[in-house]
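A.B. asks: Take a look at the letters that make up each chain.
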Amino acid sequence: MALTYKTIKFKFFELLPLFLLFFISLNGSSVIDLKFFSINIHYILVYYWVLRQPQSLGYGFIFLSGIISDVVFGFPLGVNALSLLIIAAVAAYVRVVTVRITLINDWISFIPALLIANFVYFLSLYFSNHAVDYLYLFNNSIFTFIFYPILWGLFSLIINLMKS
Amino acid sequence: MDTSREDVGITIRSALLAKGTKQKFSLFALVILSIILISIETIEAKPLNYFRSFIKDTIYRGSLIVSVPFKTIDNFTDYVGDHLNLYSNYSKLKKENDELKNNISKSDFLELENTQLRQLIQEQVASTTDLVSARVMIDKQSPYLNSFIINTGSNKNLKNGMAVLDGNNFVGRIVDVNFFSSRVLLVSDLNSKIPVIVEPSGDHAILSGNGTNEPILEYLPENHNTQDGNKVYTSGKEGIFSPGIPIGEIKIENNIITTSLFSDLSQITFINIKIGK
Chain A
2 MALTYKTIKF KFFELLPLFL LFFISLNGSS VIDLKFFSIN IHYILVYYWV
52 LRQPQSLGYG FIFLSGIISD VVFGFPLGVN ALSLLIIAAV AAYVRVVTVR
102 ITLINDWISF IPALLIANFV YFLSLYFSNH AVDYLYLFNN SIFTFIFYPI
152 LWGLFSLIIN LMKS
Chain B
1477 MDTSREDVGI TIRSALLAKG TKQKFSLFAL VILSIILISI ETIEAKPLNY
1527 FRSFIKDTIY RGSLIVSVPF KTIDNFTDYV GDHLNLYSNY SKLKKENDEL
1577 KNNISKSDFL ELENTQLRQL IQEQVASTTD LVSARVMIDK QSPYLNSFII
1627 NTGSNKNLKN GMAVLDGNNF VGRIVDVNFF SSRVLLVSDL NSKIPVIVEP
1677 SGDHAILSGN GTNEPILEYL PENHNTQDGN KVYTSGKEGI FSPGIPIGEI
1727 KIENNIITTS LFSDLSQITF INIKIGK
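Chain order of the listed sequences is A and B.
To convert, note that position 51 of the first sequence is 52 in my numbering; the numbers rise steadily by one, no gaps.
To convert, note that position 190 of the second sequence is 1666 in my numbering; the numbers rise steadily by one, no gaps.
Just chain A, with the same shape it has in the complex (with noise of 0.2 Å):
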């Protein structure tokens, strides 16, 4: 009995990151939009599972709900799937070369991933002849690398969770 509870919130906490990427790609709430600043939690999601426990997220769904973010959005297909990539890249990059997995370790080396996934992500949308919001695109960047360590301590409650 006691291995079936363990084995269900095991699957549940498993299954819930994926959950989470899909559900916000359909409802179209991948970027936080608020007043003064906005925040893009699809990035941030990404990069800590594909960080931390990669087996959770699968590049196969990644590609997927940046594809159902793309027609939500209204974006042409693959624009936001690359750039979720390329997130997803950086990620299994510093996965490799990193031993001790730290807040400060992944937050600094969110960094080039949100700079080279943006600059991707512009230059999708320039060939694709969609105008952006530069200024728009900066502020997301910054607000998202700063609400990082929030979403990493939320995270890292749900692994713990799932081992304990």
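A couple of the hints might just be wrong.
Derived list of chain A stretches under chain B, where covered just means 3 residues or more per stretch with a C-beta under 8 Å from a C-beta of chain B [what the hints assert, rightly or not]: (1) 20-28; (2) 75-81; (3) 88-100; (4) 111-119.
Everything labelled a hint here was simulated from the structure, so no lab data went into it.
As the structure is a computational prediction, the values presented were derived from the model and not from experiment.
Yeah, the Cβ is synthetic: ideal placement off N, Cα and C, and Gly gets one too.
Chain B: place on chain A using the hints.
C.D. replies: Frame of chain A; chain B shown alone:
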């Protein structure tokens, strides 16, 4: 030096090409697939269009289902709010009722006028056979794109570029048509450029979206006579839209000419699409 370069190469290969545990695809393969998808987005071919329409229609339905709990919560919040504001609403309604009683003498005239106007509207509706009505299905205001999804597509002969009206007012144009859904790009979006005419000055200009509800008027002639309160209509130039569709009113602040739209873009539920020119 060579060893460290080799190490970086091995790490990159391991991160991008290795599939890892429980991974069915390598990152590199998916990145290539994404680039291919972006590249073929501009290619117009029937099978590709069918494929895109199918994917988009399916995802829109999924998005609609996922947003149901949020809509329910919103409705419930409104319901609770209405109950909490019962007393203040009652006082307000009582005050309004008193005012209405005072104005009741005018009602006969208004009723007559109303009947005449209704007749006029019915005649107009009967004559405007080039309008198709639709309902806003998904209104996820993306920070990057001001648009919404409507529940009508190529099944009702919608085509890209058709003018979208809220009542009689221009609010945007169709930019993406699927079988059962279409995307409307609102006039406030950064990508929206509409040829307009300002009345009564008669100046031609381009109404450019700036991400806010007050799009900017660009490319006005040097010696223009545009003033605060002037009305903005579609000009029909270049044959994109019918001329004379009302859009908004000129607002001049700090020498920046913007247009205050007649329609509140955040409150649109039903729209008309002009399927004629």
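A.B. asks: Would you mind marking each hint as holding or not holding in the structure?
C.D. replies: Here's how the hints hold up against the structure:
1. 20-28: holds (count 3)
2. 75-81: holds (count 6)
3. 88-100: holds (count 7)
4. 111-119: As far as the stretch 111-119 of chain A goes, the hint is violated, because 0 residues have Cβ atoms under 8 Å from chain B.
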